[in-house]
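Q: Take a look at the letters that make up each chain.
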Amino acid sequence: MSRSRFGRLHAAAAALLVILVAVPRPAHAYLKFGVAVNGRQVTVKWNQTPIRYYVAEGGVPGVGPPQLAATLAQAFSTWQAVPTASVSFEFAGYTNARPGEGDGRSTIGFLAEPDLDRVLASTSLLIDDVTGELLEADIFFNSVFSWSVAPSGEAGRFDVETIAVHEIGHLIGLGHSAIGETEVSGSGRRVIAAETVMFPLAFGSGSVTNRRLRADDIAGVSDLYPDGAFEADTGSISGRVTRNGEGLFGAHVVAFNPATGALVGAFSLNAHGEFSIAGLTPGAHVLRIEPLDDADVESFFEPDPPVEFDFRAVFFNQLVVAPRGADSGSVEVAVQPK
Amino acid sequence: MSRRPALGALLLFLLGPAAAAAQPSDPLPGRLELALGGRWTGGLAFGEAEALETRASGGSFALFATDTELAASTAAEARLGVRLFRTVQIEASAAYASSDLRTRVSSDVEGIPDVTASESLMQFAFEGALLAHLDRWRLGRRTVPFVSAGGGFVRQLHEGRTLVDVAGTYHVGAGVRYPLATRGAARVKAIGVRAEVRAVVRIGGAAFDNRARVAPALGASLFLRL
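Going line by line, the protein sequences match chains P and C.
For the first sequence, our numbering puts the final residue at 338, and the numbers step up evenly by one.
For the second sequence, our numbering puts the final residue at 564, and the numbers step up evenly by one.
Since the hints were made in silico from the structure, they are not lab data.
Hints are not guaranteed to be accurate.
Cβ-to-Cβ under 10 Å is the rule here; a few derived chain P residues that face chain C [stated by the list, open to error]:
(1) Val191
(2) Glu195
(3) Thr196
(4) Gly204
(5) Val208
(6) Gly235
(7) Thr260
(8) Arg312
(9) Leu319
(10) Arg324
Sample of chain P residues facing chain C (criterion: CB under 7 Å; computed from the structure) [said to hold, decoys possible]:
(11) Phe203
(12) Ser207
(13) Thr209
(14) Phe256
(15) Leu263
(16) Asn317
(17) Gln318
(18) Val321
Glycine residues also receive a C-beta, built at the ideal position from the N, C-alpha and C atoms.
Whole structure, please, built from the sequences with the hints as guidance.
A: As structure tokens, then:
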């Protein structure tokens, strides 16, 4: 069996959570990790559950191993509780191994990474690059920051559970989602609001808002690990984003369901500008298309092919229906240069 | 006067034996009625919804706003009526209309120009109704007013025929019927026109909730009585 290690990247953005090398898969919503196998994209996911994880010994002020384990259990249960997904987790015990050692055990703990002064936490994945099966996923929380496990959060300290919920999203195979708004703040960006826990930038210290999954996250985990009638009960919208008749890579497409208020996002993921948003509640949706300009593009895609930014954000002038258990059929959204 | 005699008087009025005696002739002879016509139904407001993100504090941040309506539509309608009594008739009808579901998108946080996104909706309505002629209140010799009430369902087929919603529909209405010709001994005993106004109540379907919504409707039809 051939194995390859996905490396970690750390970009200079304020309170950046995690960036993983992700080969986008031109098939579905959110951003699922994928690997190219014989010219085709294979989704990266765990083939067996429960996913066993170990908690590293050692802690930070206020968060010892037992507190970390308890908080992680809560964060894992948040994903496990999604009724339309079938992913489960199991605490396997404490270990003196460090996260990122590639020992076949998924290890979660604190590491001091002072050079990564804008990285709160990071997830590294060990993947079978033939099958796409996830073999190991390690998460480290950067102990150069101040951390808290207080039930309601703590001013000046980052909430372990909030960040863990995000990292566990990566652990199960989800990339970043772009449903969020930011503004330039100093040398970085500040998050104004987001509607996904998988937004690449974290809220400021003290916030516990993102302990809760949103529609985009639920669609993502359910798409990766569908349970029950999820596929039969939800629909997808697919299409192309074009400019002057040519496909655009990296356009951010968000579907809004006025009936439910749900926002679920995706990207155009190939040179044809094709996108697909799965896991949608059946019904009519508004489509909003925008350049990927609210976070560093490297937190979503590899540099090649280049992501297109030179177009104006638009709403599609048709309501697009996500059918129950089926796809909308391709719609073409033409955008204009800036 | 007690309530019971008053109710009895009302029933007699609707069923009409006394009224029949007071009128010179039956303006709507025949037991069966076939009709074809059209019906305009006003738009239904489905309501406003904001695309909300969550702030660090947990508060809401509006990305954009929407306001959705089912536009007014004109339906083609076929109807079968059966006379139960001299002034009371039951009816079954089927109607088809094409309408637009429209969502006005506005107030985008990044200044995207407002747009109205729409899709077409094919609507098939199947209804039953009870109709009572107000024979005593005839307008002239031949124009017969009536009141009606009924209900049924509407199958709403979204664009691309990929999704069906089903709405409940109920109505109360009133109108007039005017026989253009009556031939009591012939197979077709009467030909006439009917016009009516309704208050239509819709529940569910393509709407975003199961709240009852009311729209006006106007109808006209040509009928044959057999």
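Q: Next step is simple, just say for each hint if it's right about the structure.
A: Hint-by-hint comparison with the structure:
Interface restraint check for Val191/P: the shortest CB-CB distance to chain C comes to about 7 Å, inside 10 Å, so the restraint holds. With its C-beta approaching chain C no nearer than about 4 Å, Glu195/P sits inside the 10 Å limit, and its interface hint holds. With a least beta-carbon distance of about 9 Å to chain C, the hint placing Thr196/P at the interface is held under the 10 Å criterion. With 10 Å as the threshold, the beta carbon of Gly204/P comes within range of chain C, its nearest partner Cβ sitting at about 6 Å, so the hint holds.
With a cut of 10 Å, the hint placing Val208/P at the interface with chain C holds, because the nearest CB-to-CB distance is about 8 Å. Below 10 Å, beta-carbon pairs count as interface contacts, and Gly235/P has one with chain C at about 8 Å; its hint therefore holds. About 8 Å separates the beta-carbon of Thr260/P from the nearest beta-carbon of chain C, less than 10 Å, and the hint is met. Nearest Cβ of chain C to the Cβ of Arg312/P: about 8 Å, under the 10 Å cut. The hint holds.
This hint holds: Leu319/P has a C-beta 4 Å from the nearest C-beta of chain C, less than the 10 Å allowed. Annotation: interface hint on Arg324/P holds; nearest CB of chain C at approximately 6 Å, less than 10 Å. The interface hint given for Phe203/P holds, since its Cβ lies 4 Å from the closest Cβ of chain C, which is under the 7 Å cut-off. Hint status for Ser207/P relative to chain C: holds, with the closest Cβ pair at about 4 Å, below 7 Å.
Hint on Thr209/P holds. Least Cβ distance to chain C is approximately 5 Å, under the 7 Å limit. The criterion of a C-beta within 7 Å of any C-beta in chain C is met by Phe256/P, whose closest approach is roughly 5 Å, and the hint holds. Nearest Cβ of chain C to the Cβ of Leu263/P: about 6 Å, under the 7 Å cut. The hint holds. With its C-beta approaching chain C no nearer than about 5 Å, Asn317/P sits inside the 7 Å limit, and its interface hint holds.
Hint status for Gln318/P relative to chain C: holds, with the closest Cβ pair at about 6 Å, below 7 Å. About 4 Å separates the beta-carbon of Val321/P from the nearest beta-carbon of chain C, less than 7 Å, and the hint is met.
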